[in-house]
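Chemist: Each chain, letter by letter, is given below.
2 protein chains.
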Amino acid sequence: MSERLFNFSAGPATLPLSVIEQVKSDLPVFGDTGASVLEISHRSAAFANVLEEAEDAIRTLLAVPDGYKVLFLQGGASTQFAMVAMNFLANTGKTADYIKVGTWAAKAIKEAKRAGHVHVAFDGEPGAYTHMPRQDELQLTPGAAYVHTTSNETIQGIQFASEPDTGDVPLICDSSSDFMCRPTDVSKYGMIYAGAQKNMGPAGVTIVVMSDELIARVPADQYSMMSYAVQAAKGSTFNTPPAFSIYVVGLVAKWLRDSVGGLEAIRALNERKSQLLYDTIDGSGGFYKGHAARDSRSLMNVTWTMANAELEAQLIKEASDEGLMSLKGHRSVGGLRASIYNAMPLEGVQALAEYMKEFQRTHG
Amino acid sequence: MSERLFNFSAGPATLPLSVIEQVKSDLPVFGDTGASVLEISHRSAAFANVLEEAEDAIRTLLAVPDGYKVLFLQGGASTQFAMVAMNFLANTGKTADYIKVGTWAAKAIKEAKRAGHVHVAFDGEPGAYTHMPRQDELQLTPGAAYVHTTSNETIQGIQFASEPDTGDVPLICDSSSDFMCRPTDVSKYGMIYAGAQKNMGPAGVTIVVMSDELIARVPADQYSMMSYAVQAAKGSTFNTPPAFSIYVVGLVAKWLRDSVGGLEAIRALNERKSQLLYDTIDGSGGFYKGHAARDSRSLMNVTWTMANAELEAQLIKEASDEGLMSLKGHRSVGGLRASIYNAMPLEGVQALAEYMKEFQRTHG
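Heads up: the protein sequence lines correspond to chains H and E, in order. The first sequence begins at 1 in the working numbering and counts up one residue at a time. The second sequence begins at 1001 in the working numbering and counts up one residue at a time.
Next up, chain H with everything else stripped away, as it sits in the complex:
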């Protein structure tokens, strides 16, 4: 059997080895069900327990307040781009404010414009998406339907230090690439959503944490699968949910709670890991050039460029030969990117930092 390598993929991304081993040991029979978790009814007691444990672990980790639902949906953040606009912008006659901080925010805006009027409250594109806006850079619309933001831009490698203040207007946040990377005050949000395949599990399930207040705004004639109200009323089982993906999300959440020790502990680890790489970049005398402004550097995706594309390709290729996988930057921006989500062990980041220093010694 081939060995496991350090996987810096931006998503789907590395998962805790203990989780993968649990998945393996639950095949071909899950507990006393007589079948694998891929095969049991979503109406069975065993699956109800899987769903409940996943939700409980997320509620505990994030300290989700009363008055919020935790949902497991399908279609990734891209489906949320449409669902948010279909439910909370279309036919309201209102404006939705969007904070445009990178590629994913821009995609969300594109979908929302199909539903209604969008105001770009901050546009990071002229600045090449290198920094997250300060509060005084936001031009918010009084009485907006909602404010949409992206807490971490995977492609550019920038992250909000903390959420913007939107007053009485509900804040809706795409947190796909930094969900549960650190403590978050859920009460400041109307909705937080995250495709699981970066920080929380495999592709195929999207976690939505949403206030009952926002759910109450869902139009009654909405398509059932696109209605947060229907999904909430049915506890994410209006139809067959993505059962296996939810099961893995539950394992990851329990690993985060029980093995790592919660969100303060993972924040400390994520700060240590990312600092190792940023120190390597900063200490390289310009051999490595970080993309993000210092105050906007991401804990999750470290992005940088080098003198030319040939040198970048050489590092990517040689690192891969050394077992450091998937360091190529997103095809839309080039350069390099190390995605170091919750499940990337410190050892992987240490190995990468050492490798970068060695590469500079031999190629600098």
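One or more hints might be untrue.
As the list claims (entries may be wrong) - To list a few chain E residues with every Cβ distance to chain H over 10 Å, as calculated:
#1 Val-1218
#2 Asn-1239
#3 Ile-1281
As the list claims (entries may be wrong) - Straight-line C-alpha distance at most 16 Å; calculated EDC-like pairs for lysine to aspartate or glutamate:
#4 H:Lys-107 x E:Asp-1221
#5 E:Lys-1024 x H:Asp-221
#6 E:Lys-1113 x H:Asp-221
#7 E:Lys-1024 x H:Glu-21
#8 E:Lys-1110 x H:Asp-221
#9 E:Lys-1357 x E:Glu-1322
#10 H:Lys-24 x E:Glu-1021
#11 H:Lys-110 x E:Asp-1221
#12 E:Lys-1188 x E:Asp-1212
#13 E:Lys-1107 x H:Asp-26
#14 H:Lys-113 x E:Asp-1221
#15 H:Lys-24 x E:Asp-1026
I should point out that these hints are in silico values taken from the structure, not numbers from a laboratory. We put the CB at the ideal spot given by N, CA and C, even for glycine.
Please build the complex by placing chain E on the supplied structure of chain H, with the hints as guidance.
Modeler: Same frame as chain H, but now just chain E:
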């Protein structure tokens, strides 16, 4: 480790043991990727190969003609209920014909009515959904946007012997519970869709086979994730697809092609399996009463009732103790149901038929 039992669940449902064993052996490392299939990038060569193999196997099995796309989407058939209507009924000013043959057809109609005008071309509800309509029972609308049908009704246990003739109007078929249970002439359809979790894999992926003609009708301003045109143009990777579920669907399709021998072979097996149970019902002198009319009996879901609910509950409980799982009928209709999809081995059905005879001897 607990043993695997015979699992008659209506979905998620039993999968071939060889597939489950392959999944297990591909953990924690898939091929030479250095990671599991849960963790590799959907843009990697390894995943591109997974996707291509799954599509190729489906194309070969169904003999999909040129001019059709095979897509892997999310959200189950229930999302297709909305997507079909959003793309092909809304804002057309046309009528869509729906053939109402059971619970799932009725759900599809409910969603379509949110988009536009629906004509029920046949209503099986007054007849308690016991039979599929003959061609002369259909009241089709000339020039309809499309005709929607359900090839197999999981809850009632009825199945079309062959597809209705809709002339020039595109036929759109929910085949979630009988996809690839027998050969199908794809050229007669504009679209066939199927949630995977009954006959093809785990929950979390929906297979769509759609003609280029129908794709050309998708409105340009459609939300990207709800646009068949966008999904087709991007080869099911507009955003991160449900990678693991697609991988398992590929394994199931390859099992069907290479181990079973294709759709003629699986039809013969499915006819033999279902006949065993229908013969048991018919030979019981009324102890077991089949729900479906004889000409509409399903190869996939065998439904029956008994003299009273107590006796039914007793059979379900005692069968479960004997390792024959999940025989309870759907909560909306009661009675009993044995779902015997492609992956249910003949031995499972033989064991159930024997058990039913024994139960009648001891309780009849």
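Chemist: Work down the list of hints and note, for each, if the structure agrees.
Modeler: Results of checking the hints against the structure:
At the 10 Å boundary, the C-beta of Val-1218 of chain E stays outside the reach of chain H, the nearest C-beta of that chain being 13 Å off. Not every beta carbon of chain H lies more than 10 Å from that of Asn-1239 of chain E, the smallest distance being close to 4 Å; the non-interface claim is violated. With a least beta-carbon separation of about 23 Å from chain H, Ile-1281 of chain E lies farther than 10 Å from that chain, consistent with its non-interface assignment. For the hint pairing Lys-107 of chain H with Asp-1221 of chain E, the CA-to-CA distance comes to about 14 Å; that is within 16 Å, so the pair holds.
Taking the CA atoms of Lys-1024 of chain E and Asp-221 of chain H, the gap is about 44 Å. The hint is violated against a cut of 16 Å. Taken as a hint, the Lys-1113 of chain E and Asp-221 of chain H pair is honoured in the structure, with Cα atoms around 10 Å apart against an allowance of 16 Å. Distance restraint check for Lys-1024 of chain E and Glu-21 of chain H: the Cα-Cα separation of roughly 10 Å lies within the 16 Å cut-off, and the hinted pair is therefore satisfied. With a C-alpha separation of about 10 Å, the suggested pair Lys-1110 of chain E and Asp-221 of chain H falls inside the 16 Å cut-off, and the hint holds.
Our distance criterion of 16 Å between C-alpha atoms is met by Lys-1357 of chain E and Glu-1322 of chain E, whose separation comes to about 14 Å. At roughly 10 Å between alpha-carbon atoms, Lys-24 of chain H and Glu-1021 of chain E fall within 16 Å of each other, so this suggested pair holds. Simply put, Lys-110 of chain H and Asp-1221 of chain E have alpha-carbon atoms about 10 Å apart, close enough for the 16 Å limit, and the pair holds. Under the criterion of a C-alpha separation no larger than 16 Å, the hint pairing Lys-1188 of chain E with Asp-1212 of chain E is consistent with the structure, at around 14 Å.
About 34 Å separates the Cα atoms of Lys-1107 of chain E and Asp-26 of chain H, which puts this hinted pair outside 16 Å; it is violated. For the suggested pair Lys-113 of chain H and Asp-1221 of chain E, the alpha carbons sit about 10 Å apart, so the restraint of at most 16 Å is met. The straight-line distance between the Cα atoms of Lys-24 of chain H and Asp-1026 of chain E is roughly 9 Å, inside the 16 Å bound, and the hint therefore holds.
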